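> Spelled out from the first residue to the last, the chains are:
Protein chains: 2
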Amino acid sequence: MTQLTGLETPLLLLDEQRMQHNIDRMQRRMNGLGVSFRPHVKTSKCPEVVRRQLAAGAHGITVSTLKEADEFLAAGINDILYAVAIAPAKFDHAMRLSRAGVQLTLLVESVAAAQQLSRHGMENGLCHEVFIEVDTDHHRSGIAPDDPLLAQVAGALRTDGGRGARLKGVMTHAGGSYSLNTPEALAAMAEQERARCVEAANRLRAAGHACEVVSVGSTPTALSAKTLAGVTEVRAGVYVFFDLVMAGVGVCTQDDIALTVLCSVIGHQPQAGWIITDAGWMAMSRDRGTQSQAHDWGYGMVCDASGRAIAQLQFGEANQEHGVLQWTGDPATDITRRFPVGALLRIMPNHACATSAQHQAYHVLPQAGGELERWERFGGW
Amino acid sequence: MTQLTGLETPLLLLDEQRMQHNIDRMQRRMNGLGVSFRPHVKTSKCPEVVRRQLAAGAHGITVSTLKEADEFLAAGINDILYAVAIAPAKFDHAMRLSRAGVQLTLLVESVAAAQQLSRHGMENGLCHEVFIEVDTDHHRSGIAPDDPLLAQVAGALRTDGGRGARLKGVMTHAGGSYSLNTPEALAAMAEQERARCVEAANRLRAAGHACEVVSVGSTPTALSAKTLAGVTEVRAGVYVFFDLVMAGVGVCTQDDIALTVLCSVIGHQPQAGWIITDAGWMAMSRDRGTQSQAHDWGYGMVCDASGRAIAQLQFGEANQEHGVLQWTGDPATDITRRFPVGALLRIMPNHACATSAQHQAYHVLPQAGGELERWERFGGW
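For the protein sequence lines, the chains are Z and A, in the order given. If you're matching positions, the first sequence starts at 1 in our numbering and goes up one per residue. If you're matching positions, the second sequence starts at 1 in our numbering and goes up one per residue.
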């Protein structure tokens, strides 16, 4: 066990062994299904993590902001999908990335964006590579496979002399899978995501459009698909760390969760059975993603310094820099002695993407043991 | 109106005029009540903002992390209260700040912390200045005024030859005020906060302890107190920007709220009446602080680019980089034309501290008009 005593808390701990296990599990699955894998790096925003995903066999990355593209280009990665429909004010930024050597794919889901992006490419002498976003589960954005708009958007992507915007493929994200929790429902959602996205590609092909790439994915569907016929690539993000929400969905166990927030006990309210820590919502995020699941973990699952759950402590309240843990064990327990000021606890997060985003670095428990390493992460846009 | 078109979104807009109005209002009130004012800078984490609070008449600052103390020392501010009970692993950091010239006040609420801090001061040849945290509303941490523990903690603060830890005062934070919403209840909570904290100071004095400072505060109570007899200083943080939660509490109007998140429309689901923007929970935070208030604003109140509310748009769902706005107006409205791809919207936040923390800078609409300025903010611990 690496020494944690003496560290200034709160801080974000990353268990490298668990992370590597998660990376290997997903990559093996994708290899078995015969698809390319393009991890979504919005979860980690950390080159050290992403290098391990690529080393395991991933091809390219998915980003949620152009800032991520900037940062990962600087880290030497140049095959990048920006998987949020692009707003016109970002066209110039995308162009700078392309000119800096990024093989960048953009996303549109409207005729307006397709027209404007085509004009931007023509006017600036480059060809934007584009996916059309397909809606396969009615949970957010994209175009339904049977909507005539799909072909209209494809038709609005124009090139002239190799300049403009070119249709490269279709992509979908079955985010609705996050609300499921049985293997059967997850497999059905994965099949729905696959079938509808392939249908969209086939309709475009039938209308005369090349559509090389069929990109699907979310962590739950990627881990539940039985077959991915017609799909060329899969994306997933949170699997790299996993979290309590994913454990509630049923695609990992608590023992797979690689992230915890290390905190210190700073006080008590013995009459109320409260233990006060220095991990509030600033350290955990305000994400209460397990609230709608079978087990609501409050602001996270409380563990001791070695990572073992302490079932009698519930993390129900958080202020900015204060966590309030409720003791639910034997009322005769002297909580000021059992959890004295300065004692270390670890909190497993509801949502790894949200909790990570509150921190500027991962403090890594190395696979090989020994001292903690510090891996920087970035934020912003 | 400063030009917003062409900006890459999402970004955090700060209306300087509103902020200055909020600063002046609070400082006038504190001057009128005859108390010193020590703003809590955890809200802004921005030297440009804090300089304006000090210029208006504030004395010193309150911080929620030692990182804030580091950063504000670097900005030339050296009268600092760290208003979270200190954990032993942070003693050395506090000592470095003191040695670097900070007049630093620390907080304890246990005999254990008082003893350890005294020993640390003695062993290292410095005298830590200390407040004891008093609990006046049973909402979080601190010691009740009539708890014998109060005098025990004071007695555990020891100096030897001017080294150790010295009791400087008492402080309380009536965070329970956030759940109130009538002037009468707020005034009563402010009086309770005042009376109980003064009682704690008087009990300590009666037990032979000097207790120079009596520090109280929260934005709602600071703006609701009728008298502050016996109080020497008040603290408040979120008043500097205000937010929808504070408007719901009733201590500001929506027109006082100085922060909005500027975002772009990136897509639509016309059948569902959804407008998709690029401000998701990463830009807004996951804070849903108005959920328990009379009006639940979802992830924030939607305004047009000039800041006028659009009552027919509700911000009910957010993914990491997607906001989903529900159109509740005339179903015959073509939302793809009324809010086309690229249109700018501004979202007023539930909780200014949480939303600000998601951003690395404020984009300031200057009082004098003209181009946006950029004020950096920091995060982390």
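Possibly wrong hints are sitting among the right ones.
[Stated by the list, open to error] Covered stretches of chain A (chain Z as the covering partner; in silico rule of three or more C-beta atoms under 8 angstroms from a C-beta of chain Z):
# : stretch
1 : 202–214
2 : 220–226
3 : 248–255
4 : 283–294
5 : 337–346
[Stated by the list, open to error] Distance ranges between label pairs, derived from CB positions:
#  : chain 1 : residue 1 : chain 2 : residue 2 : range
6  : A       : ALA361    : Z       : ALA74     : 15 to 21 angstroms
7  : Z       : ASP24     : A       : GLY57     : 58 to 64 angstroms
8  : Z       : ARG25     : A       : PRO148    : 36 to 42 angstroms
9  : A       : PRO331    : Z       : ALA188    : 29 to 35 angstroms
10 : Z       : ALA185    : A       : PRO331    : 29 to 35 angstroms
[Unchecked claim] Which stretches of chain Z does chain A cover? Using the computed rule of at least three CB atoms under 8 angstroms from a CB of chain A, they are:
#  : stretch
11 : 185–195
12 : 324–335
These are computed hints drawn from the structure, not numbers from a lab. Since the structure is predicted, the reported quantities are computational estimates derived from the model, not experimental observations. Cβ atoms here follow ideal geometry from the backbone N, Cα and C, with glycine treated the same way.
> Now, for every hint given, state plainly whether the structure supports it.
Cross-check of the supplied hints:
Proximity of the stretch 202–214 of chain A to chain Z, defined as three or more residues with a beta carbon under 8 angstroms from a beta carbon of that chain, is not established by the 0 residues found. Here's how the stretch 220–226 of chain A fares: 0 of its residues keep a CB closer than 8 angstroms to some CB of chain Z, so the rule of at least three is not met and the hint is violated. Closer than 8 angstroms: that is the beta-carbon criterion, and the stretch 248–255 of chain A has 0 residues meeting it against chain Z, so the requirement of 3 is violated. Only when three residues or more bring their CB closer than 8 angstroms to a CB of chain Z does the claim for the stretch 283–294 of chain A stand; here the count is 5, and the claim holds.
For the stretch 337–346 of chain A, the stated coverage by chain Z holds: 3 residues have a C-beta nearer than 8 angstroms to a C-beta of that chain, and at least 3 were required. Our hint of 15 to 21 angstroms for ALA361 of chain A and ALA74 of chain Z holds, since their Cβ atoms are close to 20 angstroms apart. Judged by the Cβ atoms, the range 58 to 64 angstroms given for ASP24 of chain Z and GLY57 of chain A holds: they are separated by roughly 60 angstroms. Separated by about 56 angstroms at the C-beta atoms, ARG25 of chain Z and PRO148 of chain A break the suggested range of 36 to 42 angstroms.
Checked against the given bound of 29 to 35 angstroms, the beta carbons of PRO331 of chain A and ALA188 of chain Z, roughly 32 angstroms apart, stay inside it. Our hint of 29 to 35 angstroms for ALA185 of chain Z and PRO331 of chain A holds, since their Cβ atoms are close to 32 angstroms apart. Here the stretch 185–195 of chain Z counts 0 residues with a CB under 8 angstroms from a CB of chain A, which misses the bar of 3, and the coverage is violated. Note: the stretch 324–335 of chain Z has 1 residues with beta-carbon separation from chain A under 8 angstroms; the three-residue rule is not met and the coverage is violated.
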